[in-house]
Structures are given as C-alpha cells and as structure tokens.
Amino acid sequence: MDFSTINWEKIKKEVIRLSDFEEIKKELQNLTKEIQTFDIQQHLSPSAKKKVKDFEKAYNHLLTKINRAQRDFDREISKAIKQIKKTRTEAEKHVKKVRQKAKSHQAKIKKATSQLKKKVTKKSVKKKKVRTTKKATTKPRKKTTKKVTKKTTAKKA
Numbered sequence: 154m155d156f157s158t159i160n161w162e163k164i165k166k167e168v169i170r171l172s173d174f175e176e177i178k179k180e181l182q183n184l185t186k187e188i189q190t191f192d193i194q195q196h197l198s199p200s201a202k203k204k205v206k207d208f209e210k211a212y213n214h215l216l217t218k219i220n221r222a223q224r225d226f227d228r229e230i231s232k233a234i235k236q237i238k239k240t241r242t243e244a245e246k247h248v249k250k251v252r253q254k255a256k257s258h259q260a261k262i263k264k265a266t267s268q269l270k271k272k273v274t275k276k277s278v279k280k281k282k283v284r285t286t287k288k289a290t291t292k293p294r295k296k297t298t299k300k301v302t303k304k305t306t307a308k309k310a
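Using this note's numbering, you'd call the opening residue of the sequence shown number 154 and step up by one each time.
Hints may be right or wrong, so weigh each one.
Said to hold, decoys possible - Taking lysine-lysine pairs in the DSS-like style, the calculated list, with each CA pair at most 27 Å apart, reads:
1. Lys-203 - Lys-218
2. Lys-179 - Lys-166
3. Lys-204 - Lys-218
4. Lys-249 - Lys-239
5. Lys-249 - Lys-232
6. Lys-232 - Lys-256
7. Lys-239 - Lys-256
8. Lys-270 - Lys-256
9. Lys-249 - Lys-261
These aren't lab readings, by the way, just hints derived from the structure by calculation.
With these hints in hand, go ahead and build the complete structure from the sequences.
Here it is in structure tokens:
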C-alpha cells in the first residue's frame, strides 16, 4: 500500500464527521425513513413476487401451527399443574392424618409403659416385703440324716 496516494485530509474530515453524535443520529433517522418508504414490490420481477407471496403464505401457515401448538402446550401444562396441586393437597391431608394417628399411638404407648412401670415397681416392692418377712419367720432347718443300719448275716455252721 502506498501511503503517499492516501488522501489524509478526506479521512480526517470523515472521522470528524463520524465522531459527531448528532450527525450520526440524523443519518440513521434518514436511513430508517428510506427503509420504511422503500417498496420491494416495485423492484421485483413477477416470478420473484410470486415466490415472495408463497414464502409469506408458508410463513403464516407455520406461524398458525406454532401458535396452536403453543396453546395446546399451555393447556397441557396447566392441566398438569392442577393435577400436581390436587395430588399435593391430598398428600398433605394424608400426611396430617398419619401424624395424628402416630401421635395418638405414641400417647397410648407412653400411657401403657407408664402403667406397666407402676405395676412392675409395685410387684417388686411387694416381693421384697414378702421376702424380708419370710426370712424373719422361718427357722433354720436341721440337716436330716438317714440312719444307716448294718446288715448282719449269720454264718451257718
């Protein structure tokens, strides 16, 4: 690239023009107006116009299918959510019932164990009293011995 042939003044003016924000904003507005007023139909051939119409029809058909599928999907999701909520409330009710039964069962078990403890302590106290009284009233026994007798045999003459 030959630097001697580059027009530095022109580049400098363009950079200054582009660095001005208001100037860029005006240029963009002008471009948007041109794009909005531009009619593509004027510049297309008849066969290209027909292809554009066909594309538009296919696009609209596809768009309606997508919208229908989205509606169906939304319906299915809402049904599933309703079912999940219903199942959740039923499960919560069931859990509540089970907890109540467990608590009542626990209370019954505690009551039964406390009553059993009372019975056991009463019996053990009675046994101790009976044992202590029996020991005091009984006399020591004497050993009984069996009399041993010798057999005598007479000798015959």
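Hint check results:
no.	hint	result
1	Lys-203 - Lys-218	holds, 23 Å
2	Lys-179 - Lys-166	holds, 17 Å
3	Lys-204 - Lys-218	holds, 21 Å
4	Lys-249 - Lys-239	holds, 15 Å
5	Lys-249 - Lys-232	holds, 26 Å
6	Lys-232 - Lys-256	violated, 36 Å
7	Lys-239 - Lys-256	holds, 26 Å
8	Lys-270 - Lys-256	holds, 21 Å
9	Lys-249 - Lys-261	holds, 18 Å
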